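If you want the building blocks of each chain, they are given just below.
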Amino acid sequence: MVPTEVGFLARIKTAFLPNRSVDRLTGLLFVGFWAALAFVAWVLRPFESLPGPAEVFGALSTLWWKHGMGPELFTTLALIGHALLLTVVISLLLSYVTVFAAARPLVEAVSKLRFLGLTGLVVPFTLFVGGGYTLKVALLTFGMTTFFVTSMAQVVVEIPREQFDHLRVLGASELRINLEVVIIGTLDRALDITRQNLAIGWALITMVEGISRAEGGLGAMILNQNKHFHLAEVYAILLVILAVGLLLDFAMAFLTRLVCPHAALERVRR
Amino acid sequence: MAAGEVLLDVQGVGLTLGGNAILRDCSFQVVDRVRQGVVTGQIVALLGPSGVGKTRLLRIIAGLDPPDVGRVTGYKGAPLLEGEVGVVFQHYPLLRHRRVLGNLETAGRMNGMGAAEARSRAAHLLERFGLTARAQLYPAQLSGGQRQRAAIAQQLMKPKSFLLLDEPFSGLDPSALGDVIKLLVEVANMDELNTLVIVTHDIEAAVVCSDAVMLLGREPNALGKGVGPAKIQRSVDLVAEGLAYQDDVEQLPRFAELVRDLKDGFRRL
Ligand SMILES: Nc1ncnc2c1ncn2[C@@H]1O[C@H](COP(=O)(O)OP(=O)(O)OP(=O)(O)O)[C@@H](O)[C@H]1O
Ligand SMILES: [Mg+2]
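Chains as they are written, first to last, in this note's numbering: chain L, 1 to 270; chain S, 1 to 269.
Next comes chain L alone, as it looks inside the complex (with noise of 0.2 Å):
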């Protein structure tokens, strides 16, 4: 039993420990410890080419107000929305047929296509999709999807058997034992597979919008701080991009335990 009153010093010994929880305070407390001894290092510079805190967010504040930065990014997020949507699409039916036998190595090939990577692929899409907009949502949904597949075939794939059976003996028609065991019943993963997804798009999204940089997005604006070496620039948007990537991914996880209660239910926590 663990007494309610633990002195201060007690708690902090336990995060020592190995596999033990601490309490939330506990838990913020080295959170705050961590920020505040990457802040510090960041205030002191042991590299000379990283700017300082002052220079990265007098460079924000500029990019901001005068260089348009509030567009651009909303230029990124349409282009990423568009393509993550195709992806779940795409990727889930693609996922969902492999209930069938014929369809699997059609499924498997797309999903051995990870490792073509995107740069090579550039030239051969702008000739399918031409350029601009369309080849960077083709790029982007297809590396996605890709990896998409790959996880969530892989889900329905190991379904047990025992979840069809428990529906064939309720009486269940094929057609709703597929519709409520692959599909519903995997839809705690598939977001979850959404999420990583997210972040694995987001991660490409500057490469891809360097391609064709005409329609702007924080790609566009990293290469052209890039060019005059302006670092100060540059690193803000990384800044830009790191935060608005964890707002999303943490705009996922919540729209998870939104929807799918359940899944949180069955994680066991340590």
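Label-pair ranges, simulated between beta-carbon atoms: (1) Lys66(L) with Ala115(S): 54 to 60 Å; (2) Val227(S) with Glu266(L): 40 to 46 Å; (3) Leu29(L) with Asp173(S): 41 to 47 Å.
Chain S is nowhere near these chain L residues, computed Cβ spacing over 10 Å in every case: (4) Phe8; (5) Leu29; (6) Ala54; (7) Leu77; (8) Leu94; (9) Leu113; (10) Thr119; (11) Gln154.
In case anyone wonders, no lab produced these hints; they're calculated from the structure. What you are looking at is a predicted structure, and each value in this text was computed from that prediction instead of being measured. We put the CB at the ideal spot given by N, CA and C, even for glycine.
Fit chain S with the ligands to the given chain L structure using the hints.
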């Protein structure tokens, strides 16, 4: 309806898995029990040591797996169809993404019930199984016993004559065991044609709740060790033994005698 009418007929079932003969010539019948003025369903216990093929036989009866030889027929020799036979599997599977109430409702909707009908039947069953307070929980939030009751209730959403239960007595304390037995007897006696087949290792519990006991086992070799495929080695009619339909059947001397006898037989399979 005439007494002794055959409700379930397992005829010469054989099954080979991965080159191993698991079941051979496995036959038994469940006959309609009739008592004056009392609705009496049937409860048959299928006893047998671990790994002998009880779950496999259950799956064949449920129509989930076809036997290699033999057949299973129901009332008036009609074949049993998948979905006509309810099964409560060993680990009480439920739809993990639905709440307890939702699990029952979905089972109703899958069988063509309207939303209102499914809801009222589900609520009624939950009430009866003592789960009303748990209706809004997810399966992951239930205890083992609650999960079992929810799984049985889910099977009862659609009225079916056959309910097969795989190890419903495992991991229960004596008072919970008594409750489950009472519940199963109640379920069986809801309709004259209801038949429960209970797979178990628990000989006492089997004799307490059923009207017939089947021993599934392999043939003992010279050393008294069971080898080869399994079949029904022995069946005991508990009605004829005077051990059926009684409260406190455990108190009877014949009960202790039969249980000892069955345990003896069990050891040699
Ligand atoms: N896919 C398979 N391939 C080969 N052998 C199998 C397969 N599935 C089951 N068996 C064998 O069939 C036998 C019967 O299995 P079954 O699950 O029916 O046993 P059981 O009587 O229900 O045992 P328990 O009481 O432990 O649940 C076991 O010996 C098992 O090893
Ligand atoms: Mg078994």
